Each structure stands twice: as structure tokens, then as C-alpha cells.
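Protein sequences appear in the order of chains A and B. FYI, in the UniProt record's numbering the residues of the first sequence are 1 to 443. FYI, in the UniProt record's numbering the residues of the second sequence are 1 to 443.
Careful: at least some of the hints might be erroneous.
Same chains, same label: a pair holds when it works inside one copy or across any pair of copies.
Derived EDC-like pairs: lysine to aspartate or glutamate, alpha-carbon spacing no greater than 20 Å straight-line [what the hints assert, rightly or not]:
1) K126 / E241
2) K377 / D298
3) K377 / D42
4) K13 / D342
Note that these hints are calculated values from the structure, not bench results. Treat the numbers as computed from the prediction; the structure is a model and nothing was measured.
Number of protein chains: 2
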Amino acid sequence: MSGGLRVWQDMDKEREALQAWKERVEQELDRVVAFWMEHSHDQEHGGFFTCLGRDGQVYDDLKYVWLQGRQVWMYCRLYRKFERFRSPELLDSAKAGGEFLLRFARVAPPGKKCAFVLTRDGQPIKVQRTIFSECFYTMAMNELWRVTGEARYQNEAVEMMDQIVYWVREDPSGLGRPCLPGAPASESMAVPMMLLNLVDQLGEADEELAGTYAELGDWCAQRILQHVQRDGQAVLENVSEDGGELSGCLGRHQNPGHALEAGWFLLRHAIRKGDPELRARVIDKFLLLPFRSGWDPDHGGLFYFQDADGLCPTQLEWAMKLWWPHSEAMIAFLMGYSDSGDPTLLHLFYQVAEYTFRQFRDPEHGEWFGYLTREGKVALTIKGGPFKGEWGTARAAPQGLGCVHPSSTAGLAPKVLRAGVTGPGSDCQEPEVPAPVLLHSSG
Amino acid sequence: MSGGLRVWQDMDKEREALQAWKERVEQELDRVVAFWMEHSHDQEHGGFFTCLGRDGQVYDDLKYVWLQGRQVWMYCRLYRKFERFRSPELLDSAKAGGEFLLRFARVAPPGKKCAFVLTRDGQPIKVQRTIFSECFYTMAMNELWRVTGEARYQNEAVEMMDQIVYWVREDPSGLGRPCLPGAPASESMAVPMMLLNLVDQLGEADEELAGTYAELGDWCAQRILQHVQRDGQAVLENVSEDGGELSGCLGRHQNPGHALEAGWFLLRHAIRKGDPELRARVIDKFLLLPFRSGWDPDHGGLFYFQDADGLCPTQLEWAMKLWWPHSEAMIAFLMGYSDSGDPTLLHLFYQVAEYTFRQFRDPEHGEWFGYLTREGKVALTIKGGPFKGEWGTARAAPQGLGCVHPSSTAGLAPKVLRAGVTGPGSDCQEPEVPAPVLLHSSG
Numbered sequence: 001m002s003g004g005l006r007v008w009q010d011m012d013k014e015r016e017a018l019q020a021w022k023e024r025v026e027q028e029l030d031r032v033v034a035f036w037m038e039h040s041h042d043q044e045h046g047g048f049f050t051c052l053g054r055d056g057q058v059y060d061d062l063k064y065v066w067l068q069g070r071q072v073w074m075y076c077r078l079y080r081k082f083e084r085f086r087s088p089e090l091l092d093s094a095k096a097g098g099e100f101l102l103r104f105a106r107v108a109p110p111g112k113k114c115a116f117v118l119t120r121d122g123q124p125i126k127v128q129r130t131i132f133s134e135c136f137y138t139m140a141m142n143e144l145w146r147v148t149g150e151a152r153y154q155n156e157a158v159e160m161m162d163q164i165v166y167w168v169r170e171d172p173s174g175l176g177r178p179c180l181p182g183a184p185a186s187e188s189m190a191v192p193m194m195l196l197n198l199v200d201q202l203g204e205a206d207e208e209l210a211g212t213y214a215e216l217g218d219w220c221a222q223r224i225l226q227h228v229q230r231d232g233q234a235v236l237e238n239v240s241e242d243g244g245e246l247s248g249c250l251g252r253h254q255n256p257g258h259a260l261e262a263g264w265f266l267l268r269h270a271i272r273k274g275d276p277e278l279r280a281r282v283i284d285k286f287l288l289l290p291f292r293s294g295w296d297p298d299h300g301g302l303f304y305f306q307d308a309d310g311l312c313p314t315q316l317e318w319a320m321k322l323w324w325p326h327s328e329a330m331i332a333f334l335m336g337y338s339d340s341g342d343p344t345l346l347h348l349f350y351q352v353a354e355y356t357f358r359q360f361r362d363p364e365h366g367e368w369f370g371y372l373t374r375e376g377k378v379a380l381t382i383k384g385g386p387f388k389g390e391w392g393t394a395r396a397a398p399q400g401l402g403c404v405h406p407s408s409t410a411g412l413a414p415k416v417l418r419a420g421v422t423g424p425g426s427d428c429q430e431p432e433v434p435a436p437v438l439l440h441s442s443g
Numbered sequence: 001m002s003g004g005l006r007v008w009q010d011m012d013k014e015r016e017a018l019q020a021w022k023e024r025v026e027q028e029l030d031r032v033v034a035f036w037m038e039h040s041h042d043q044e045h046g047g048f049f050t051c052l053g054r055d056g057q058v059y060d061d062l063k064y065v066w067l068q069g070r071q072v073w074m075y076c077r078l079y080r081k082f083e084r085f086r087s088p089e090l091l092d093s094a095k096a097g098g099e100f101l102l103r104f105a106r107v108a109p110p111g112k113k114c115a116f117v118l119t120r121d122g123q124p125i126k127v128q129r130t131i132f133s134e135c136f137y138t139m140a141m142n143e144l145w146r147v148t149g150e151a152r153y154q155n156e157a158v159e160m161m162d163q164i165v166y167w168v169r170e171d172p173s174g175l176g177r178p179c180l181p182g183a184p185a186s187e188s189m190a191v192p193m194m195l196l197n198l199v200d201q202l203g204e205a206d207e208e209l210a211g212t213y214a215e216l217g218d219w220c221a222q223r224i225l226q227h228v229q230r231d232g233q234a235v236l237e238n239v240s241e242d243g244g245e246l247s248g249c250l251g252r253h254q255n256p257g258h259a260l261e262a263g264w265f266l267l268r269h270a271i272r273k274g275d276p277e278l279r280a281r282v283i284d285k286f287l288l289l290p291f292r293s294g295w296d297p298d299h300g301g302l303f304y305f306q307d308a309d310g311l312c313p314t315q316l317e318w319a320m321k322l323w324w325p326h327s328e329a330m331i332a333f334l335m336g337y338s339d340s341g342d343p344t345l346l347h348l349f350y351q352v353a354e355y356t357f358r359q360f361r362d363p364e365h366g367e368w369f370g371y372l373t374r375e376g377k378v379a380l381t382i383k384g385g386p387f388k389g390e391w392g393t394a395r396a397a398p399q400g401l402g403c404v405h406p407s408s409t410a411g412l413a414p415k416v417l418r419a420g421v422t423g424p425g426s427d428c429q430e431p432e433v434p435a436p437v438l439l440h441s442s443g
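Kindly generate the complete structure, drawing on both the sequences and the hints.
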């Protein structure tokens, strides 16, 4: 067989493998959306039940604002990007969720601070002293505007975004965190990651807002990059305000899934900027490095937490395998491959995807388990909980898969993976890069 | 063999078995104290390092106030109750820890609110909006007074106690928790448990304070008993202010180790009151019931958390086996046996003690592992961390064992288990019931 023929045959095989994954993921997406459509809608109060047992039974009716915002966002994205999800039921549920947020998420309107969790009928139970509830609120509102065209949603999104940026860059006192003299001036990577994701969200097909937030996006990218420490050998979850390593467990703390997620946020940023040097750096430091240190050599899967010195983390769940780092890894590797054409990244995608579909999927009742032991046994049978909602499962994967396109350098990723959906909003073009999937957090 | 002879032989066997356990526990106590004496003392700033790796190496120098207070308390108790621990080194370390707390624990003196965690040199990092740092502070100060006779320690203990009681029974606003309309008016069992333990601590051999807090002790007992719900079939960790079941996961949450710990706090209360009816109720509802529902039938050991309806808890670590519920169970069953003479309780003690010594003990480096998987594998190799300090390990057991005495009803528990130590403080008599071991909390 000639060398040229073999290359073509290899490409055919690769195309078939990717096509098979696309079909698996699409089927999975359909099953998961059906699960949430069937079990999570609160017809009485609007919004979503997210505490769902293995078979979808509601085991608690609390409404976690992160998950309310994410589900609104997810429904709108699906409606906007996939022809087969353009159903009135999906749109109506997204709008009912959005109205629930508008009415109840903010604890003391006109103040912007949102609750972390609400009663079923919208009374606040707990407030976090962070920006994340507000970020998911913003994502939901911006997507609602994109599918409905109603300006009130976009006004809400932009006003909240301004507030978040003010808390992060000007004055955090409105978040309610006490200033204690022993607390180090530290930055969690989650904050610039989340902000970068919002810049991406609000700037999509919106030149004016993209311009407004361009400097912010660069700032976020630079701040995330500061978390690469130890001569480029480790991504640390927390660093000092001026980009140095912090002492103790806080400083050594690593979260491989977060690093991989930051990786694909940065990849999108590099693509927007047309910056191949940044892309190469991101693939090296935020995709390959966290995967190599974070993948369990004995049982497979990504560790939840690690210590950069290889010491034992203090979190009881450190060695558990959570669904979301695996979703993030799948997106990151597929996007990295799509953008660079490097087959190493495609093979890492396969490795993670095979583990993920084998270990997390529940063939019996649908949806995914979220929490496995180190060895891969189901530790929690719930399908949703305080931190696990709809998109936490397969949502990431189709978003990533839906947009893989032929790399300009390698041309291996088949066009067939494009989802090819146009939406009714302002962006009837498939985006150049995968749709954002947001930060996840542990249960 | 005559029936009478068999009874005597059985009693001999029982005596031997208990004697063997007493020796095992005493040896273990010596090893554990040696571990903390060697590795935890901060000679420069006073106080204790509690983040210790498997071999005792300090992996973080933060000072958690709960653990500082507990270690001071433990050292004083050992000094006061066991001849072989009456060393100047132990006393000096306890005093250095006490001075560290006096100087740094309170965030904004003269305000009473204490930090949760401090830097090595005493700067506050984080404050919890609960009473527990203050409770352990109080325990430490009261014990320091008992071993040194210095009134300033006792003044500090009593003033802090008054503040804690005010927060719990009069006005919690000083704790800094926001009042949100959706938050249910709920009571965590930890609060009346901890207070009952303080009543016990401050009232020991002190008629005046015992009188002062007598009504408080009854109130605590009554509040704890309200956590027995569902027609006496479940101990629930959280109930409504008026003693009803709360909805959702919060209401169904169970913590078997906590129930067992509450059990022996209540047993001590019943003994002080001379109330055999309460004793019987406590043995039934706080010892036998949590053990039967909380013991893992497949792998042994007590689950960390459960759901009263048998649903899957949302805490990732729910099925893990932690050292402290096992310590509490050992104390509870030995005390219950000592007080009632019921051999069922003695055999449950053996069952728990055998599991505990087999699974948690580290024969190589000393001390105990704190966190095992459901199957009993070591999940975290640390010996100390943010929630695990010295007494978290074997401390409970010798305290329980040291005081077992012949039950007036059955006479099986041999006198030989008495530790028989007199102290230099106000109580040169061995107490009638085991010395208190405090609330533990998860890592």
C-alpha cells in the first residue's frame, strides 16, 4: 500500500470515528434533554427542580440560582443552535425560568446581589459572597434576549455585567466578605475564568459589546495565565494578587478540571484574537499539563483536587471522579484539536470520552451520574443536586462537538461534525468556535 | 458445669476482654500523645500545628481555633487525670496554646467573636458565623484554670460562656448571620449538644456553676431530645425551632456519629440528674437506633451522613468512614454499658472498637488515619487537618475507658478499667462518668 493511500485511509478512519462520536453525543443530548424536560419543570412557580434522583424523582424542591440560570441558558442555546430543539415547550420553559430569576433572584432589589438558593416559591435562603450567582443570571438573561429579542432581558444582562465587573475590578465590598488582616490577597482562577466566559457570551455577534469588553477580556486572559506557576510546571488554582505562589494548602491547590475549562475559554480568546502563540501556550499549559498530572494512572478519570507538591489534599472528595471535569476535558481537547489539528489532542479526547461515557452514563434511567469513587463506582445516585444540573452532564460535549471544523493546519476534523443549525436570534451563523459552557462547581 | 460457675467464668472472660481493651487503648493513647508532642508544637509562636502529614510533617502552618482549643483542653485533661501525663512539657505546651488563644483568637476584642482560622502568628483569616470556635475556647480556658488555678482563665471561660448562651437563647445577631425570609427557623443538633457539653465542663466539681447552669442543662437536653422524630424512629440532625420535621434534604439529614455523641452527652446528663427513665430513652434512641441505621452492613463502619428516607445524600463524602463517629460510638457504648450493665452495649463497643483499631490505626507512623472510603481504604493519609486534631483520634476512647465502673445493676464491668488518677485541680476524685469529649466535625 502506498504511503499516500495509507494517509487517506487513516483520514477515512478518523472521520468515521469522529462521526460515530458525533452520533453518540447527539443521542445522549436528546436523552438528557428529555430527562430534564420530563422531570425538572415547576409548572406552578416557574423555574426548575434540580434535585432529581436517579429516576428523576424530585427529592428536594429548593432552587439553586446557579442551576436556574444555567438551565435557562442551556434551553435558549439549544433552541437557538439546534433545529430539533426549536420547540415552544423549550422556549416557554426557558422564559418561565427567566421570569422566576427576574422576580426572585436578587435578594434586595434594586441591589444586584443574588441569592445562592431560593425556596420553591422564590424566597431567599442563602447568599454567597461571590460573583457566581450573578454571572449565571447574566448568561441566562443574555441568551433570553438572543432568542426572544426582548430588550429588557439584555438590559438586565448588561447592568448585571457592569455590577460584576465593578465588584471584581473596583470594589468588592458589596459582596459582603469581611476584610481580615490574616487573609492573603489571593485570586481564585474561577473569577477571571467566569468573567472571560461572560465577555465571550455578551460579545457574540455583537460588535459594540465585544468592543466594550475587549480590554476586560485581555485582562481576564492575563490574570488566568498568572495561575501558571513553578516555571510553567503547574497550574495553581489560587495565586496572590500580584501573581505569586501563596503558601500552604491554598497555594498548592490544583483542580485539573478547572484548568482544562480555563484552557478552552482561553482557546476561544486566542481564536478571537487570532493569536497562534497564545493558542500554543494554552494547549501546552492548560490542556496537556493538567491532563498529564490530573489523570489517575490506576483507575482512569481525572482527580477532582490535587496538591502541587504531591501531598495529600485535605478535601475528603479529592480523589473522586466528577462528571464535569470530564465534560470540560472533552470540549477542551476537541477544540484544541479542531484549532491546531494536533492528533494528540484528538486521541486525548477519545480517551476522556470513552471513560466518561462508560462510567458516568446511566443506561437505565437516562442522564449521567455525577459522582464516582476513585475506582469508578457510583458514589451518589442523584442525577441533579445543589451543584449538578442539566448541562453539567452531556451538555458540554455536544456544544464542543457541534462546532468542530476542519483545522486550517491539518484538515483532519470532518465538517460532518458541524451541527449546522441557525437560530432566530442575532446570530444565524454557527459560531467560529464552540459555544461556551460555563464553570461548574463541586457538590 | 453448674449455671452459677458458668456465670462466674463468663464474668471472668468479660473482665479479661475489657482489661485487654483497656491496655490496647492506653498504649494507643501513649503513642498518639507522643505523635502530637513531637510534631505539633510551635515553639516560636505558641499554639499547635495541626496540619500534619502521615509521618507528622507540617504541610500547612494555619492554626484552626477549634483544634487549638481542643488540644489545650486535651493536654490539661491528660495532665489532670493521668499520673503518667503529668509532665511540665505537657503543661507548658497547654499554657502556650492558651496564651496564643487569649492573645489572638478573638477577632476584635473586647468583642467575643473568635476566628475560625488564624495565620501561624495569630492573624485572623476566617470567621465562622457559629458558636463553635468560642465553645472550644471556653473548654480550653476552663481546663487551664483547673490545672493552673489561675483565675484569669476561669474568668475568660465564664465570660465567654455567658456570651455563647446569649447568642443561642437571646439574640444571635452578633454571630453575623443574615436573616433571610426563605431560611427556615431551624435548629442544628450541634448547638444544644455543644452547650450541654459546656454545662458539663463548667459544672464539674463546681457546685456554684453547676447550679447556675442547671436550667440551661435541662433546656439543652430537651432541645436535643426534640431531634428524635418520626414516632421515635429517627434522629434528625436539623429540626424546626418548635421541634417539627423540616422539609427537604435539610430535614431528612442524619449524622449517626453526632447522634451517638449526643447520646453520651445525654447519658452524663441523666446520670447527673439520677434519671433512669431518661437513661433508658437515650440508650434506645441515641445509641441503638443510630447504630442500627448507621452501620454499614456491607463493609462495616458508620456512614458519615444518611437520609432518613433512605435517599441518596447530596454530600459527596456521605458513605465515607471517618474516625470520629467511631470514637464517639466507643465512648457511648462503653458508657451505656457501664451505666446500665446491658451486655448488648458492651458487645457493640467491641464491634466498633475492633473495626476502629483495625481500620484507622497507622501502625507504621502512629496516630490514626481520619478518612477512609466506604470500603475501608485510606482515602486521606493526613493525620491532622482543618478538622482533625489530636483528640480526634484515640482521645475519646481512653476518656471513655478510663471511667468504666461496675454497674450497679449488672456488675460486669470491672473496676480494673478505672484510670484511677488524681489531679492537682479542684477535682482530685475520678469523675463518676467519663470526661467529656467534644463535638467533632467533618473535614
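Results of checking the hints against the structure:
| no. | hint | result |
| --- | --- | --- |
| 1 | K126 / E241 | between (28 Å within a copy, 18 Å between copies) |
| 2 | K377 / D298 | both (14 Å within a copy, 15 Å between copies) |
| 3 | K377 / D42 | neither (32 Å within a copy, 42 Å between copies) |
| 4 | K13 / D342 | within (16 Å within a copy, 72 Å between copies) |
The structure does not agree with numbered hint 3 stated previously, though it agrees with all others.
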